[in-house]
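For the record, the sequence lines run as chains P and Z.
Using the working numbering, the letters of the first sequence map in sequence onto residues 569 to 698.
Using the working numbering, the letters of the second sequence map in sequence onto residues 569 to 698.
Some clues are possibly wrong.
What the hints assert, rightly or not - Listed next, with one range per pair, are the computed distances between beta-carbon atoms: (1) P/Thr689 - Z/Pro690: 45 to 55 Å; (2) P/Gly594 - Z/Glu685: 16 to 26 Å; (3) P/Phe577 - Z/Tyr694: 48 to 58 Å; (4) Z/Arg686 - P/Gly580: 44 to 54 Å; (5) P/Thr689 - Z/Gly695: 48 to 58 Å; (6) P/Gly678 - Z/Leu626: 38 to 48 Å; (7) Z/Val573 - P/Thr689: 40 to 50 Å; (8) Z/Arg621 - P/Gln658: 17 to 27 Å; (9) P/Gly580 - Z/Leu611: 18 to 28 Å; (10) P/Gly678 - Z/Ser679: 20 to 30 Å; (11) Z/Leu687 - P/Lys579: 40 to 50 Å; (12) P/Asn593 - Z/Ala681: 42 to 52 Å.
To be verified - If you only want the chain Z side, here are some residues facing chain P, beta carbon under 8 Å, derived: (13) Asp576; (14) Leu583; (15) Leu626; (16) Thr638; (17) Val640; (18) Arg643; (19) Val652; (20) His663; (21) Phe670; (22) Val682.
What the hints assert, rightly or not - Dumping the calculated DSS-like pairs for lysine-lysine here, alpha-carbon to alpha-carbon at most 25 Å: (23) P/Lys579 - P/Lys625; (24) Z/Lys625 - P/Lys625; (25) Z/Lys625 - Z/Lys579; (26) Z/Lys625 - P/Lys579; (27) P/Lys579 - Z/Lys579.
By construction, these hints were calculated from the structure, which means they are not laboratory data.
Here a beta-carbon is modelled for each residue, glycine too, at the ideal position from N, C-alpha and C.
There are 2 protein chains.
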Amino acid sequence: MDATVRPDFAKGGGLITAVAVDADNGEVLMVAGMNEAAYDATLETGIVHYWSRSRGKLWRKGESSGNEQTLVELRFDCDGDAIVVRVHQQGPACHEGYRSCFHRTLAADGSLAVDAERLRTPDEMYGNQG
Amino acid sequence: MDATVRPDFAKGGGLITAVAVDADNGEVLMVAGMNEAAYDATLETGIVHYWSRSRGKLWRKGESSGNEQTLVELRFDCDGDAIVVRVHQQGPACHEGYRSCFHRTLAADGSLAVDAERLRTPDEMYGNQG
Chain P
569 MDATVRPDFA KGGGLITAVA VDADNGEVLM VAGMNEAAYD ATLETGIVHY WSRSRGKLWR
629 KGESSGNEQT LVELRFDCDG DAIVVRVHQQ GPACHEGYRS CFHRTLAADG SLAVDAERLR
689 TPDEMYGNQG
Chain Z
569 MDATVRPDFA KGGGLITAVA VDADNGEVLM VAGMNEAAYD ATLETGIVHY WSRSRGKLWR
629 KGESSGNEQT LVELRFDCDG DAIVVRVHQQ GPACHEGYRS CFHRTLAADG SLAVDAERLR
689 TPDEMYGNQG
C-alpha cells in the first residue's frame with residue numbers, strides 16, 4: 569500500500585501556502601508558495617524549496633544568500649492546501665537581513681515599527697550586484 | 569500626516585495571506601486569506617475576520633463555532649502581502665476540533681500522523697445541522 573499523502577496543489581492554482589517556522593523557538597520566519605516541483609525537491613533534498621512568483625522559477629531558499637533552510641518537520645493543515653515547515657534557518661530568513669520577514673508590527677498610529685535586530689545588510693548577503 | 573500603512577492586496581488578486589499564531593505560546597493555528605473588508609473589520613473590531621473562499625463571503629472567525637480570535641498584535645512581512653496575527657484563540661482554531669489546523673505531521677513513510685489532542689468534535693462545535 570502506498571501511504572504517501574500529497575498536498576492539494578489544485579486548490580490554489582498549482583501552489584500551496586508554506587509557512588516556515590524556526591524549529592528552535594517557533595518563530596514564524598516567512599510565508600511563500602510551493603508548487604509540486606518545490607515540494608518534491610524539499611522532501612528529496614531536505615533543503616526547503618519554494619516557487620518564486622516574482623522570478624517565475626523554482627527557488628532553493630538560500631541559493632544566492634547562503635541562508636538555507638534545513639527541513640526538520642513538515643505539517644499539513646486540515647484542508648491540505650497549506651503546510652508548516654519547521655526548519656533550521658541559516659542566518660536571516662528575510663532578504664532585508666532580518667531573522668524573520670515579519671519584523672514589523674503595526675503600531676497604534678497605523679505606522680509600522682521594526683522591533684527586531686538586522687543581522688546582515690542586503691549587500692552583505694547578495695553583494696553589490698549593480 | 570496620515571501614517572497609516574496598508575497591506576498590498578493587489579499582489580494576491582485582492583487577498584493577503586494571514587497566519588494566525590497563538591499569542592500565548594507562538595503555535596501556528598491556521599492560515600487563511602484576508603481581503604480589504606476582512607482586514608478592516610479585524611482592525612475595527614479587534615476580532616479576526618477572514619475572506620472565506622469556499623463560501624465567497626466575509627467570515628468572522630468563530631461566528632458559527634464560537635471559537636473567536638481576539639487580535640493581540642498584527643505584523644507585516646517585508647513584501648506587505650502577508651501578515652501574522654497574534655491572537656487569543658477561544659477553543660479550537662480548527663473546524664475539526666483541534667487547537668491548530670496543522671495537527672498532522674508527515675511521517676517517514678509518507679503518511680500523515682495526528683499528534684495533537686482533539687478538544688471538541690465538530691458536532692459539539694456546530695451541532696447536528698443535518
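Earlier hints that do not hold, by number: Hints 3, 4, 6, 7, 8, 10, 11, 12, 13, 14, 15, 16, 17, 22 and 24 are the ones this structure does not satisfy, whereas the remaining hints hold.
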